[in-house]
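K.L.:
Letter by letter, the chains look like this.
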Amino acid sequence: MLKHLIIFSSVLFIFTNSLFTEEKFLEGVAMTSPAGLPGMRGIPSDIPDISVVGDFYGKVSNDETDIERNKLTIREIELALQGYIYPEMRADVFLAMHKHEDHIEPEICEAKVSFLKLFDNFSAEVGKIHINFGKINKVHQHHRPYVDQPQVITNFFGDHGLVGEGAVLSYLFPLPFFAQIDIGAWRIPAHSHESEESNCENEFGLADEVYSCKLWSSFPTSEKSELELGLSGATGKGSGYTHHKDEAKVTGLDLTYKLWPSAHTRLIFQNEILYLVRNIPTGEIKRSGFYSYLGYRFNKYWSSGLRYDDAEDAFPHADDSGNLSVNVSERTKSASAIVTRDLTETTQLRLQYKYYFEGPKDVSEGYLQITFGIGPHSHLLE
Amino acid sequence: MKKIFIFAQIIGLMSLCWISQPAAVSAKEIFVVTTTEDLADLTKAVGGDKVKVASLSYGYQDPHLVEPRPSMVVQLKKADMLVKIGMDLDIWVDSLIQASRNSNIVYGAKGYVDASVGILRLEVPEGKIDASMGDIHIYGNPHYWLDPENAKPITKNILDGLAKISPENTEYFKNNRDKYLEKLDRAIERWNEKMKSYKGTKIVTYHKSWSYFARHFDLEVIATVEPKPGIPPSPAHLNSLINLMKKEKPVMILHEIFYPEKTSEMVAKQTQTKLVILPTSVGGVKEVKDYLSLFDYIIDRITSQGGE
Chain A
59 MLKHLIIFSS VLFIFTNSLF TEEKFLEGVA MTSPAGLPGM RGIPSDIPDI SVVGDFYGKV
119 SNDETDIERN KLTIREIELA LQGYIYPEMR ADVFLAMHKH EDHIEPEICE AKVSFLKLFD
179 NFSAEVGKIH INFGKINKVH QHHRPYVDQP QVITNFFGDH GLVGEGAVLS YLFPLPFFAQ
239 IDIGAWRIPA HSHESEESNC ENEFGLADEV YSCKLWSSFP TSEKSELELG LSGATGKGSG
299 YTHHKDEAKV TGLDLTYKLW PSAHTRLIFQ NEILYLVRNI PTGEIKRSGF YSYLGYRFNK
359 YWSSGLRYDD AEDAFPHADD SGNLSVNVSE RTKSASAIVT RDLTETTQLR LQYKYYFEGP
419 KDVSEGYLQI TFGIGPHSHL LE
Chain B
7 MKKIFIFAQI IGLMSLCWIS QPAAVSAKEI FVVTTTEDLA DLTKAVGGDK VKVASLSYGY
67 QDPHLVEPRP SMVVQLKKAD MLVKIGMDLD IWVDSLIQAS RNSNIVYGAK GYVDASVGIL
127 RLEVPEGKID ASMGDIHIYG NPHYWLDPEN AKPITKNILD GLAKISPENT EYFKNNRDKY
187 LEKLDRAIER WNEKMKSYKG TKIVTYHKSW SYFARHFDLE VIATVEPKPG IPPSPAHLNS
247 LINLMKKEKP VMILHEIFYP EKTSEMVAKQ TQTKLVILPT SVGGVKEVKD YLSLFDYIID
307 RITSQGGE
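Going down the list, the protein sequences come from chains A and B.
59 is the number of the first residue of the first sequence in the numbering used here; add one for each residue after it.
7 is the number of the first residue of the second sequence in the numbering used here; add one for each residue after it.
These aren't lab readings, by the way, just hints derived from the structure by calculation.
Some clues are possibly wrong.
Quick list of simulated restraints, FRET-style, between CB atoms [what the hints assert, rightly or not]:
id, chain 1, residue 1, chain 2, residue 2, range
1, B, E132, A, P434, 18 to 24 angstroms
2, A, M155, B, K180, 55 to 61 angstroms
3, A, V386, B, E73, 41 to 47 angstroms
4, B, K202, A, F177, 58 to 64 angstroms
5, A, L137, B, Q278, 48 to 54 angstroms
6, B, Q278, A, F356, 28 to 34 angstroms
7, B, K162, A, Y144, 29 to 35 angstroms
8, B, K162, A, L137, 37 to 43 angstroms
9, B, M272, A, Y142, 45 to 51 angstroms
10, B, M272, A, E163, 47 to 53 angstroms
Straight-line alpha carbon distances no greater than 27 angstroms define the calculated BS3-like cross-link-like pairs of lysine-lysine that follow [as the list claims (entries may be wrong)]:
id, chain 1, residue 1, chain 2, residue 2
11, A, K175, B, K170
12, A, K175, B, K84
13, A, K307, A, K282
14, B, K116, A, K175
15, B, K189, B, K58
16, B, K202, A, K316
17, B, K58, B, K158
18, A, K282, B, K202
19, A, K175, B, K34
20, B, K170, A, K282
21, B, K58, A, K175
22, B, K295, B, K275
23, A, K282, B, K189
24, B, K292, A, K358
25, A, K358, B, K275
26, B, K280, A, K358
27, A, K282, B, K84
28, A, K358, B, K268
29, A, K282, B, K295
30, A, K316, B, K34
Every value quoted in this text rests on a predicted model; they were computed, and no experiment measured them.
From the three backbone atoms N, C-alpha and C, an ideal C-beta is built for every residue, glycine too.
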């Protein structure tokens with residue numbers, strides 16, 4: 059099966075060019091047209107931007123306990139409706155159909171109203187939002203440069219990352235360089251412990267009343283490079299707090315360096331380190347984790363990357379004497395190699411190989427991802 | 007300890023705000039941000055010493071694929087006016103405008119200038135448009151600044167924008183524009199003369215960047231190396247392109263500096279056609295320092311390298 063999937067992916071990659079083979083040159087375009095009304099962007103219309111983004115995903119693994127193993131499935135279909143609702147106010151609604159184990163669930167992925175300018179240098183967002191914590195949490199899965207989520211994000215915020223319903227106030231500092239602070243207050247539902255499908259025994263995240271803060275800045279280091287720095291914090295209860303009676307704080311530091319050596323090439327070096335302090339009735343769990351990603355875009359169509367993950371989980375474990383201890387953690391270490399073929403800005407084919415050094419040890423995974431976009435789809439500066 | 011560190015960092019940044027207000031632009035200067043260096047040069051020509059101009063992108067970049075950078079937000083935050091190419095070429099600036107929280111430059115504000123207004127647009131698609139046509143621009147081919155005559159509507163749009171922001175200087179801007187257009191008209195005459203012998207010449211281009219240029223100088227673009235805009239050439243397409251070129255015998259292939267040259271080189275070699283690698287914008291190569299020298303450079307290259 060593994061062999062078949064690898065052969066299939068390779069064939070798909072090779073035939074990418076053939077998909078677009080055309081013998082004829084572009085037809086069906088008018089030669090000239092008078093310009094539209096002054097300042098008008100196209101044909102008058104009050105239809106919002108409508109787009110669909112699909113994320114198909116296949117996985118092979120030598121871990122026989124992995125229920126996603128040797129399957130090619132729809133991970134997510136996202137329908138986006140975006141547009142202005144008032145001068146300097148816009149609404150963005152992202153409805154998603156997610157794959158959860160063997161069934162597909164509808165979900166409001168994000169739905170927010172953005173006040174682009176409240177008063178001088180302030181803006182705000184209200185609704186269900188991917189919280190601006192660190193560098194990658196806010197970025198939707200189909201926009202990330204890898205198939206899976208960095209382990210530390212999964213271990214500290216859960217499979218879907220840190221997503222809450224609430225509001226965030228942002229302030230752009232009037233400085234000669236980019237510096238912004240985002241302060242948010244959120245409500246995130248706890249995992250239902252009674253539910254049969256509950257994953258709260260092995261998934262941790264923040265829940266109940268959650269407060270977040272991110273201070274981020276960016277410095278152009280040359281005409282062709284930029285350094286971004288971010289410091290994030292979030293506090294709330296644990297996602298299983300009704301059962302575990304826990305409270306948690308997560309702090310994070312991120313550093314991203316981008317270099318554009320030529321028109322289509324780009325080097326990106328991105329790092330995030332997170333630190334979790336979780337208070338449970340029996341003590342204090344302190345955990346940390348990080349990922350480091352190095353990516354290079356060779357040209358307009360091909361890019362590759364390497365990612366290293368090292369993250370502790372958020373749970374207590376049995377010590378040598380068999381007693382549950384807050385000081386014992388399970389650590390996951392893995393390395394990934396990623397190759398991406400960009401067809402358009404929203405349509406990509408991606409292959410990823412991941413090897414676990416620790417927790418689970420010596421497990422190899424291969425991923426194939428096909429993401430596609432139909433229609434105008436946009437996100438705010440991330 | 008951590009809380010103190012965070013608190014100290016916030017206080018530090020806020021203190022910096024008080025002591026280092028962005029004061030690079032003097033009170034009388036209008037700060038204009040443009041999306042390309044071509045627009046920056048034309049804005050300088052109209053605005054003269056009343057404006058300070060910054061371009062968000064560089065001439066050696068592919069204007070379709072400029073990556074928004076947080077540092078661009080700082081420029082836009084300070085801007086009194088934004089001049090963009092429009093027609094969805096520089097659509098990347100939209101998220102930056104939103105992040106800048108600057109109501110002077112949002113769509114419809116007096117500091118928002120779409121330079122494409124009044125341009126006679128080429129290759130406007132009709133009927134249903136989708137990605138099967140490649141990275142097609144729904145409002146037509148956006149590379150209109152490569153027809154030097156289009157500097158006239160572009161500078162008109164810039165003039166209108168500046169006049170709204172600083173009505174007391176309208177005459178000054180108008181005079182600057184008139185003087186610039188006189189210079190431009192003389193240059194156009196010179197360029198037309200140099201390109202006279204190329205009228206009706208068949209050419210191939212890599213991307214559809216040269217449609218406006220070709221229309222102005224009466225060149226006939228018979229094909230593109232890309233099968234469709236933004237789509238890399240497949241072997242089958244290249245085969246049919248080579249056959250077409252052998253039959254039609256175009257004089258040259260015009261290739262933009264930011265696209266990989268390998269394919270065009272191969273096609274040129276197989277068809278014994280001249281390959282002319284050209285900048286499409288000011289700053290694309292170090293010799294091209296302004297809009298007029300962009301055409302000087304392009305036409306020199308075509309006439310010296312393109313052959314008869």
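K.L.:
Hint by hint, note whether the structure agrees.
P.N.:
So, going through the hints one by one against the coordinates:
The hint said 18 to 24 angstroms for the Cβ distance between B:E132 and A:P434, and at roughly 19 angstroms that hint holds. Hint check: A:M155 to B:K180, Cβ distance near 57 angstroms, so the stated range 55 to 61 angstroms holds. A beta carbon spacing of about 44 angstroms between A:V386 and B:E73 agrees with the range 41 to 47 angstroms that was offered as a hint. Hint check: B:K202 to A:F177, Cβ distance near 59 angstroms, so the stated range 58 to 64 angstroms holds.
For A:L137 and B:Q278, the hinted distance range of 48 to 54 angstroms is satisfied, since their beta carbons lie about 52 angstroms from each other. As the Cβ distance of B:Q278 to A:F356 is approximately 30 angstroms, the hint placing it in 28 to 34 angstroms holds. One distance hint, 29 to 35 angstroms for the beta-carbon pair B:K162 and A:Y144, holds here, with the actual separation near 31 angstroms. In this structure the hint that B:K162 and A:L137 lie 37 to 43 angstroms apart at CB holds, the actual value being about 41 angstroms.
Checked against the hint of 45 to 51 angstroms, the pair B:M272 and A:Y142 passes, with Cβ atoms roughly 47 angstroms apart. For the hinted restraint 47 to 53 angstroms between B:M272 and A:E163, the CB-CB distance of approximately 51 angstroms keeps it satisfied. Straight-line distance between C-alpha atoms of A:K175 and B:K170 comes to about 22 angstroms, which keeps the hinted pair within the 27 angstroms bound. The suggested pairing of A:K175 with B:K84 holds, with an alpha-carbon distance near 14 angstroms, which does not exceed 27 angstroms.
A threshold of 27 angstroms between alpha carbons decides the hint, and for A:K307 with A:K282 the separation of about 37 angstroms lies outside it, so the pair is violated. Annotation: proposed proximity of B:K116 to A:K175 holds, straight-line Cα distance about 17 angstroms (limit 27 angstroms). A threshold of 27 angstroms between alpha carbons decides the hint, and for B:K189 with B:K58 the separation of about 22 angstroms falls inside it, so the pair holds. The hinted pair formed by B:K202 and A:K316 fails the criterion: a straight-line CA distance of about 46 angstroms is larger than 27 angstroms.
Between B:K58 and B:K158, the direct Cα distance comes to roughly 21 angstroms. Compliance with the 27 angstroms bound is thereby established for this hinted pair. Under the criterion of a C-alpha separation no larger than 27 angstroms, the hint pairing A:K282 with B:K202 is inconsistent with the structure, at around 40 angstroms. Distance hint between A:K175 and B:K34 is fulfilled; the C-alpha atoms sit about 25 angstroms from each other, no more than 27 angstroms. A hinted pair counts as satisfied when its Cα atoms are at most 27 angstroms apart, and B:K170 with A:K282 does not qualify at roughly 34 angstroms.
As the CA atoms of B:K58 and A:K175 are separated by approximately 25 angstroms, the hinted pair is consistent with the 27 angstroms bound. Among the hinted pairs, B:K295 with B:K275 is inconsistent with the structure: their alpha-carbon atoms are about 32 angstroms apart, more than 27 angstroms. About 34 angstroms separates the Cα atoms of A:K282 and B:K189, which puts this hinted pair outside 27 angstroms; it is violated. Between the alpha carbons of B:K292 and A:K358 the distance comes to roughly 23 angstroms, so the proposed pair stays at or under 27 angstroms and holds.
Note on A:K358 and B:K275: the hinted pairing holds, with a Cα-Cα distance of about 24 angstroms set against a maximum of 27 angstroms. A C-alpha spacing of about 25 angstroms is found between B:K280 and A:K358, which places the hinted pair at or below 27 angstroms, so the restraint holds. A threshold of 27 angstroms between alpha carbons decides the hint, and for A:K282 with B:K84 the separation of about 22 angstroms falls inside it, so the pair holds. Distance hint between A:K358 and B:K268 is fulfilled; the C-alpha atoms sit about 14 angstroms from each other, no more than 27 angstroms.
Among the hinted pairs, A:K282 with B:K295 is consistent with the structure: their alpha-carbon atoms are about 19 angstroms apart, no more than 27 angstroms. Under the criterion of a C-alpha separation no larger than 27 angstroms, the hint pairing A:K316 with B:K34 is inconsistent with the structure, at around 36 angstroms.
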